[in-house]
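Protein sequences appear in the order of chains C and F. Numbering-wise (the working numbering), the first sequence opens with residue 114 and increments by one. Numbering-wise (the working numbering), the second sequence opens with residue 2 and increments by one.
Just so you know, these hints were derived from the structure itself, not from any lab. Don't take each hint at face value.
[Stated by the list, open to error] Derived pair list, reagent style DMTMM-like, types lysine to aspartate or glutamate, alpha-carbon separation capped at 20 Å: (1) C:K150 to C:D114; (2) C:K169 to F:E105; (3) F:K15 to F:D87; (4) C:K150 to F:D87.
[What the hints assert, rightly or not] Rough simulated footprint, nothing fancy, chain C against chain F, three-plus residues with beta-carbon under 8 Å: (5) 34-44; (6) 107-114.
[As the list claims (entries may be wrong)] Computed, partial: chain F to chain C, Cβ under 10 Å: (7) V5; (8) Q7; (9) R10; (10) Y49; (11) N52; (12) L56; (13) E57; (14) M90; (15) L92; (16) C93; (17) P99; (18) T104.
Cβ coordinates follow ideal geometry from the N, Cα and C atoms, glycine included.
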Amino acid sequence: DQQVKQNSPSLSVQEGRISILNCDYTNSMFDYFLWYKKYPAEGPTFLISISSIKDKNEDGRFTVFLNKSAKHLSLHIVPSQPGDSAVYFCAASGYGNQFYFGTGTSLTVIP
Amino acid sequence: DTGVSQNPRHKITKRGQNVTFRCDPISEHNRLYWYRQTLGQGPEFLTYFQNEAQLEKSRLLSDRFSAERPKGSFSTLEIQRTEQGDSAMYLCASSTDPGQGTTEAFFGQGTRLTVV
Numbered sequence: 114d115q116q117v118k119q120n121s122p123s124l125s126v127q128e129g130r131i132s133i134l135n136c137d138y139t140n141s142m143f144d145y146f147l148w149y150k151k152y153p154a155e156g157p158t159f160l161i162s163i164s165s166i167k168d169k170n171e172d173g174r175f176t177v178f179l180n181k182s183a184k185h186l187s188l189h190i191v192p193s194q195p196g197d198s199a200v201y202f203c204a205a206s207g208y209g210n211q212f213y214f215g216t217g218t219s220l221t222v223i224p
Numbered sequence: 002d003t004g005v006s007q008n009p010r011h012k013i014t015k016r017g018q019n020v021t022f023r024c025d026p027i028s029e030h031n032r033l034y035w036y037r038q039t040l041g042q043g044p045e046f047l048t049y050f051q052n053e054a055q056l057e058k059s060r061l062l063s064d065r066f067s068a069e070r071p072k073g074s075f076s077t078l079e080i081q082r083t084e085q086g087d088s089a090m091y092l093c094a095s096s097t098d099p100g101q102g103t104t105e106a107f108f109g110q111g112t113r114l115t116v117v
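Given these sequences and hints, build the entire structure.
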């Protein structure tokens, strides 16, 4: 039962353009959402998070948008850089319990 | 370095052997999580601790798996009678007490287990 879904396994974007990574969830009890970045053979690195009381959170080049009615969130990276090439995981949690992860989207930023 | 530390980074073991992994969380974090990740999948929850108390265990955590966190500091994950299906990356993460909300979890580098 996949409660967090990332339906795009991969995404390629030109350097300098916007990267948009999408995530859908099914559990309406989730109240906290996160994005992680992962390089091969390393653990996930925390990028940005958002609480369910907000619909947008921005940190430098990274912005996360939350649409609770659609149970959808997205990560925008502007401008995209080659160093952003990695696998991005969306995660969600409810009431401070475990984090549920999506299957990841592999982003390739083409120089 | 004050991040989450996991040892060993790599472990190759023969089927049927027991293995133990260690995780040292960020020092002020009282939450500690264990996850498992296989190729092409996201991290899958195994168990988590609040201080020394194990609060939740996934059904993925069969009776061959046991985790401890004595004194609420480091944690160990033991797998007994390993099977080839146990081959995966085992990830540890820690966070502060969520309190009124949820805080982000910080992951270690992981332990790559290969069962041959």
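Hints versus structure:
1. C:K150 to C:D114: Given that 20 Å is the threshold and the Cα spacing comes to 23 Å, the pair is violated.
2. C:K169 to F:E105: Within the cut-off at roughly 17 Å; holds.
3. F:K15 to F:D87: Answer holds: F:K15 to F:D87 is near 11 Å, not above 20 Å.
4. C:K150 to F:D87: violated, 24 Å
5. 34-44: holds (count 6)
6. 107-114: holds (count 6)
7. V5: OK, holds: F:V5 within 10 Å of chain C, min 8 Å.
8. Q7: Constraint on F:Q7 satisfied, holds at 8 Å.
9. R10: Holds, about 9 Å.
10. Y49: holds, 6 Å
11. N52: violated, 14 Å
12. L56: This hint holds: F:L56 lies near chain C, its Cβ roughly 8 Å from the closest one there, short of 10 Å.
13. E57: Status holds, d = 6 Å.
14. M90: Where the cut-off is 10 Å and the nearest Cβ of chain C is about 8 Å from F:M90, the hint holds.
15. L92: holds, 5 Å
16. C93: holds, 8 Å
17. P99: At about 3 Å, which falls below the 10 Å cut-off, the nearest Cβ of chain C leaves the hint on F:P99 intact, so it holds.
18. T104: Given a least distance of 8 Å, the restraint on F:T104 holds.
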